[in-house]
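Trainee: Below are the chains, spelled out letter by letter.
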Amino acid sequence: MSTGTEPALRVADLHVRYGGSTAVRDVSFHIDGGEVFGLVGESGSGKSSVCAALMRLLPPGGSLRATAIEFGGRDLSRASERDMRAIRGKGIALVPQKPMTSLSPTTPVGRQLRWYLGERLDSAQTQQMLISIGLRAVLDRPGDLPSRFSGGQLQRLLIAIAALTHRPALLLADEPTTTLDATVQAQVLRLLLAVRAEVGSAMLYVTHDLAVIAQVADRIGVMYGGRLVEVAPVAELFAAPRHPYTRALIAAMPSAWIEGRPLRPIPGSAAGANRTDGCPFAPRCPHADTICQETMPTAVMAGAAMVRCHHAEVTV
Amino acid sequence: MNAMLEVAGLRKQFLLDGGSSWWGHRRPPVTVTAVDEVSFSVDSGTVLTVVGESGCGKTTVARMLVGLEQPSSGVIRVDGITLSGRRTTAQTGLIQMVSQNPWSALNRRRSIGHALEQPLLVHRPGATKAERARRIGEMLDRIGLAHSYLGKWPRQVSGGELARVVLARALLAEPKVIVLDEPTASLDASVKATVVSLLLDLRTELGLALVLITHEIPVARWMADQAAVMYLGRFVETGPAREVLHRPTHPYTRLLLDSVPHAAAGEPGGGPGRRIPEPGGEVPSAVAVPSGCAYHPRCPHRADTCTASIPPLIVHNGHPVACHRTAHLDLTPRRDRVAQHSEPDSGTAVAGAGQDPRGD
Amino acid sequence: MVFLLIATAGQFVGDPYRLVTMGPEAPSWQHWFGTDNLGRDVFARTASGAGTSLLISVGAILLGLILAFPLGLLAGYHQGRRVDGAIMRTLEGVQALPMLVFVMFMLSLMSTTPVHLGPVTLGMEAKLILGIGLGFVPFFARVARAATLVEMQEDYVAGLRVVGVRPRTILLSEISVNVLPPVLVQACLATAIAIFAEGGLSFLGLGVAPPKPTLGNIIGQSGSQIIEGMWWYAALPGLVMVVGILGFNLLGDALTESALGPRVGEERE
Amino acid sequence: MLAVLRKRVTNMVVVVFLVISGMFFLLHLAPASPANQLPPAVAADPQALAEYRASLGLDRNIFIQYWNYLTGLLRGDFGRSLYDHSSVLTSIGRALPVTLELGLLAGVGSMVPGILLGIWAAVRRGEWVDGAARVVTVLSLSVPAYWLAVLSLLFVGQRYPDLLPSAGGFVRFTEQPIANLQVLLLPSFVLGLGTFALVARALRASLTEVMSADYVGFAAAMGMPRRRLLGRVAVRNAIIPTLTVMGVLLGGLISGTVLVESIFAIPGLGHLMVTAYLRGDYPLALGCSLVTAAIFLGLNLIVDLLNHLVDPRTLPGRQAPTGAKGAAG
Amino acid sequence: STPDISARVAERHKDGILQVGIDTAPSNINPLDSGAERTRWISEAVVETLYAYDKDHRSVPLLAAGEPEISADGLTWTIRLRDGITWHNGDPLTAEDVVATLKHMVNLSSGSEWVTYMIGYLQSFTALDRLTVRIGLARPYGLLRSHLTNMPIGHHDHVDRKDAMLGTGPFKLDRYVPGQSFTLSAYAGYHGPKPALSGIQYTVFADGATRLVSLKQGKIDLVTAVPYEHLASIQANKDLRVTIAEAPLDILCYVNFGQEPFNDENFRRAVAVATDRAGVVSRVFGNQGKPGQGPIGPAELGYDPELKVYSPAPDLELAKRYLAKAATKQRSFTITIGTSGTVRNIATVLAAGWAQIGITANIEQVSGGEWSNRLVGRKYEMILELFQSGFTAGPANYIALAPADPANVLSFHYDNPELTRLTATVWQTTDDAERAAALRRMNRILTEEMIIFPPAYPPLIIAQRRETTPVDPNGLRLSRIAPHTLSFAS
Ligand SMILES: Nc1ncnc2c1ncn2[C@@H]1O[C@H](COP(=O)(O)OP(=O)(O)OP(=O)(O)O)[C@@H](O)[C@H]1O
Ligand SMILES: Nc1ncnc2c1ncn2[C@@H]1O[C@H](COP(=O)(O)OP(=O)(O)OP(=O)(O)O)[C@@H](O)[C@H]1O
Ligand SMILES: [Mg+2]
Ligand SMILES: [Mg+2]
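Protein chains in written order, with the working numbering: chain A, 1 to 316; chain B, 1 to 360; chain C, 1 to 269; chain D, 1 to 329; chain E, 1 to 490.
Just chain A, same shape as in the assembly:
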């Protein structure tokens, strides 16, 4: 799908702070038009914060700083709130994480669908589209509250809203399937990709599940402790992970557990990874030495890939 043209989004040096603590530091990446960019990392590594920052919808107390967030020829980090409002939903749309709580719980789904789609809801084309993604039930029972639908149905509904309302150039999906079980997750993923293909948008897909991202992403960024430690095309990442954390993560993912081989959990815990100096992964890294403790490695480019590790060459 990657067309290699003008990037849909270019993020340079994004920082996100909550009060005194920095949750995201020095994050730079780009997403090409029509590309699916995956963002993985442990819980608390700052993935959601990146998403919210792109939307400029950080929770109260959160603030962002960036050299640039280029989108559609505009710098979102400097756009006015009013401009942002015009961009949200239209230029960039969000597929939320928790389908069960992302629709107003007291208003029937039919009415909510109309809030977003407006008259378009009545067009045969839209109706056909909704039915084709298995939302006949919603069209049949528009008077029912969201709580009467299943998570899978709601998630599909949300995807339809996010993608169909304005056909956005960029879709942000922040762990849209974590709360769904495997078969439903598969359904939703499939739908998401289908819709994206139809609308032609680029997508930022956030998850902590490497197995999922392997199925959807073109390129993957790995976050740890608020930093982007590695970016690589999906095949390259799994075939030859450069960063020790990426390697550990791949080894620890359940679908990679290989019978007969002992499990290899990452030693230590991610607590305190948001430190200011040094490599965030250093305390848990088997290759760490003093330089890792003291200075944050710079980004090293290797073809389409990027890695931030002092020992990238050594460890490959």
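Just to be clear, a hint being listed does not mean it is correct.
Stated by the list, open to error - Here are the computed distance ranges between Cβ atoms for each label pair:
1) R114/A - L2/D: 27 to 37 Å
2) P305/E - I178/D: 49 to 59 Å
3) L116/D - V287/B: 55 to 65 Å
4) M22/C - E260/E: 33 to 43 Å
Unchecked claim - If you want the ones that stay clear, here's a sample from chain A, every Cβ over 12 Å from chain B, calculated:
5) H30
6) A79
7) D83
8) Q153
9) A299
No wet-lab data here; the hints were simulated from the structure.
Given the structure is predicted, the values throughout are model-derived calculations rather than measurements.
C-beta: ideal position from N, C-alpha, C; glycine also.
We have chain A already, so just place chains B, C, D and E with the ligands on it with the hints.
Mentor: Leaving out everything else, chains B, C, D and E with the ligands in the frame of chain A:
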């Protein structure tokens, strides 16, 4: 070998208030059969995994096993002792549970030490304070937690550690069977591995029988000796985990396994959407279970017989499967399914196999 | 807290009954809050009154808590069963009367004179404590019941049951520690209301009778004096009362936002 | 909905019955007796006392009295005042409209600005508006109504005499609407202040919470215009907890009328009730209390029904027992 | 803004209605039941008595056609009524009405205050004809004339009603809102001179300040129960007129003789001497009124201006000496008071005074019903209340003295044969001079023996706007405001 846990014909029905319409017309109450005709047995030192879709009744089975829910019918036997009605203190000690979310499994305003003391207070009423402290200390050593954790509050402890505390609490009751209801679902990948290893070690060490309920097929595959696949309250396929979870027979099991995303190291990254299976239709509601084989509306192999009667568990392809259409199934494994296993181990009794569950 | 300070100062400041001047005098260094028409020191009266008001309101809240907490736990524990129904209907009955009306009713039951119950003599303060305290029972009990219901759904309750801990033990030693904090937060806010109520009753002449000062009756008596320019009569004791209520309100707010509050910062996904 | 209504009304009747019975027996066991109202020299005479009690029917068996009272109630007879033997129902009938008017004025006058301020503060969270709203509401909550009443009566009343109760007694709305509203202005302000503050605070709190809910986040992320976001999504959901507080607030309002009416000499139910209790006029006190309780319960019922309307999830049986119960947690 | 207010008042006066601000309204508005000022200040213009006071406070016929005929043994009184008098409902006044009224007043269950006076004396009442009433007495009753002068006559259908006020007076009650307001209008069929006013409106302003503000702002013309502490500011206001009168307004002040500490004469003496009479006058009554001596005040029959047993300021040294001699070791007692603010103030000042000689007086305030319970049950050590009797006893206050008589139901255990004898004289003699002398003697005994020693004689104060004619101070001595005699000064 004796089965440590035996369950036969377990069924649970919930009566839901039908509610009333706007005009005050009362609707009749609705019966939900959350669990139906569930039979299995687990030997000591082995793991049985129950997998299945969300809402298919896995948790209900677990709750019945530990006595939080009274079965509508069926028998639960642990170590030859039938557990029914109100359990005695001794009986509660036999079978323990570790629940899904470690953060909510402990009282947030009681120290970890307090939590660990509870099973001893109940099951060893004679023990002195010192004796209890000694036992707790031993247990902490066993699960690999520092003794300093006793004074901590649940919120000061990470998820992986908390999961261990919950396990320790269950173990202190000295059970024969432990039911694990999605023990790793809320844990990060790296922590998951730690907890899983610990569980397997303990099983061997203490000769426990484990019932593992999970969504995560990889975890199930890794841990289980026996597997049962559940669909809308019924077991549709049971047998050795190596077979069921690697060479599935029932169409639903296949869909389930195919749905599991996996990206093994070294495997070339497919393009987006490459290996995501065809969506298999809507998950039906437990209130309106489809007639006949509950899976038939989603099944690509369905035939008229499927709507007519509920298929019994019949040995096919080496283990019991509840499907009318087994003969017509294409049993060649999918290309990308990881299917490396040794001889199916056949000694274990799989309850429900061979016996006709219902003559209809 | 200024209020507590003034209330304790009251024990030392001076005699609230002494006639220190010949007539009303404006606030001065000698008499911070001035003196009233009988020549009594308003500050001494305010201080002593604040003490009484505090005693009554805190006493009432404590009484309410002691009665309501077990009731709420019990009702919550037996939710939907007969015990719950009986408790809740009774409490609803009590609650059907607005607070002030209920206390008026209670007071009228006890007459204005001390009631002698064997060796115990219930003075007006005790009666107010009883009346206001009982008035708060339904409120606290509801909070406790609701919190109990929430707690009963928690996994740890099921966990303890599985371990074999007896239901009663779970209720008393596990659920209760979680139910208490939200109730305490409400109690703090309720103390403000109790000061209010005591004042209101005394103001109406139903509470502690003057010349024994309480904030309410000082304000109640002061009414007609302001007109003659004697603003300090009502204004200053009133301010003290405002400060007191403010204090409890702010404390309640602070507690709501702190760890004691309804599980802030403790929920994880 | 009708079933809910039916159930709630039955419940309410049970509660009212409990209140009646409880109050009746307790009051009759109370130490105070209507005979206290006799001139001391008469009361000191045992024969006079006995005859007086007999004339009030107080010498009869308590259960018979209770039965008579109950059957009287069913016939709409609330008994007669011990003082002037006037019909309790008539007195209440005269006082009730005044209280209802005052309550309505205070209620609307406090809730509407309270809701607006609550929304404003929540939307501008952390800004000066929010801070100011916090100060204003906490202060409003902390100022006792009667103190404020005393001050306002004198300071405002001196300057604008028309705001004070006028000679010739209270003017009713039906007689002189303008004068009536003028006279009620100050009392309803004093009365509504606390409610205003509580509504504002409750709404601010719940709106703040709702604003951080996923569904508001989603709507915002979809670029829904701010106003619509607030109205359709945020406030609608935030008003629900406020509605449940409303029941308590109404109780506060009714309690407040008792004080405010006494201070401003408004011939409403609260005033009547205080007088009745102060004098020990039990039939009147009982009648007033019952009516107050009934009003209070009725209002709560309305609040509950409103709650069901705004939040259909609370209707029993409306929640779907569908198979996929959601994968929360 | 005085002209402003005057204009407002003038505008208001066009309707000829006098606006009166009162502090409290009776709930039982039957004037036959209560002689309390709060009832009678409203009923004054509505109901009438058989006899009435002339300006020299002598009893002269009003509804009666002449002096009563008294039988030789004094036990039968025959009274003829004036003909042609009608009730406000148009019915003629007949002997039936008087009989019904008297019956009501001896009916124990009526709850009427008059029962106290009548029971034991009045025996039978008969209407001899349409206009003649005969009253039969059980024993001679000299006070009867006084009662007939003070006791209103009610319509025979209305005597037992507590929610109606029907009379023969110049004004009739049109409507009232309990506890709120009373609207009176001139009765066209009145038998006497036509009043200048077309109506009188009483409005309750429970709060003294509001009452005064309304007066100052011209919303009302006259207020009763002027708060003493506001006296100075009203007197300073040129628009207002204040009438201060000595009246039969008593501070009831009894001590329980039957028990410690007041059974101890020296203790009693110490308390009496240490009483801060000047303090009460200055702090409570705004320097109006007089320091008290005995139970009979300056406006009452039997007052003795010569009697000066106590100095206005407390004599602490003397008091301490008495106290040292006291046999009782008790140094504290309880003062039981009602809910009136004035009484509370008095008690407060008194307690502060007694504190100076080391006696603690605990003030216990109880509601009205409970107060009378205490009095009746003798459950008090010292009991205090304000009491007005002008409408039942005229220029005297017999009730205030009654408890000193051991035979009285309210007796506080004081037993003095001379006093008992004097009491009988007071009640039975028909000779006013003899009665006055007996009262004077009683007063002296009670004062010197420290039996009843009210701290002060309070003044009666009425404030009104200058746009109305002044109230008659002479009437005020008997508590009468007589609003129906007022008019607007144009
Ligand atoms: N509103 C907030 N206020 C303060 N800190 C926050 C806030 N939201 C997130 N953080 C902190 O910022 C860091 C990054 O959080 P973020 O939610 O972006 O992580 P994540 O990678 O999305 O985690 P998860 O996988 O759990 O969703 C964490 O340390 C978190 O505690
Ligand atoms: N107490 C109850 N009352 C009514 N229905 C219930 C009750 N508990 C469970 N159910 C229903 O029984 C069915 C099985 O629920 P259960 O929780 O056992 O599923 P599960 O397989 O554990 O699902 P999940 O994977 O989401 O945890 C569901 O349809 C559920 O709605
Ligand atoms: Mg996240
Ligand atoms: Mg479950």
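Trainee: Work down the list of hints and note, for each, if the structure agrees.
Mentor: Results for each hint:
1. Judged by the Cβ atoms, the range 27 to 37 Å given for R114/A and L2/D holds: they are separated by roughly 29 Å.
2. Between P305/E and I178/D the C-beta distance comes to about 57 Å, which sits within the given range of 49 to 59 Å.
3. Range check, L116/D to V287/B: Cβ separation about 44 Å, and the 55 to 65 Å hint is violated.
4. Our hint of 33 to 43 Å for M22/C and E260/E holds, since their Cβ atoms are close to 35 Å apart.
5. The beta carbon of H30/A is kept farther than 12 Å from every beta carbon of chain B, the shortest such distance being approximately 18 Å.
6. Chain B leaves A79/A outside its interface by the beta-carbon criterion, the shortest separation being 30 Å against a cut-off of 12 Å.
7. No Cβ of chain B comes within 12 Å of the Cβ of D83/A; the nearest lies about 31 Å off, and the non-interface call holds.
8. Not every CB of chain B is more than 12 Å from the CB of Q153/A (nearest about 8 Å), against its label as outside the interface.
9. Non-interface call for A299/A relative to chain B: holds, since the shortest CB-CB distance, roughly 22 Å, exceeds 12 Å.
Going down the numbered hints, you'll see the structure goes against 3, 8, while the others check out.
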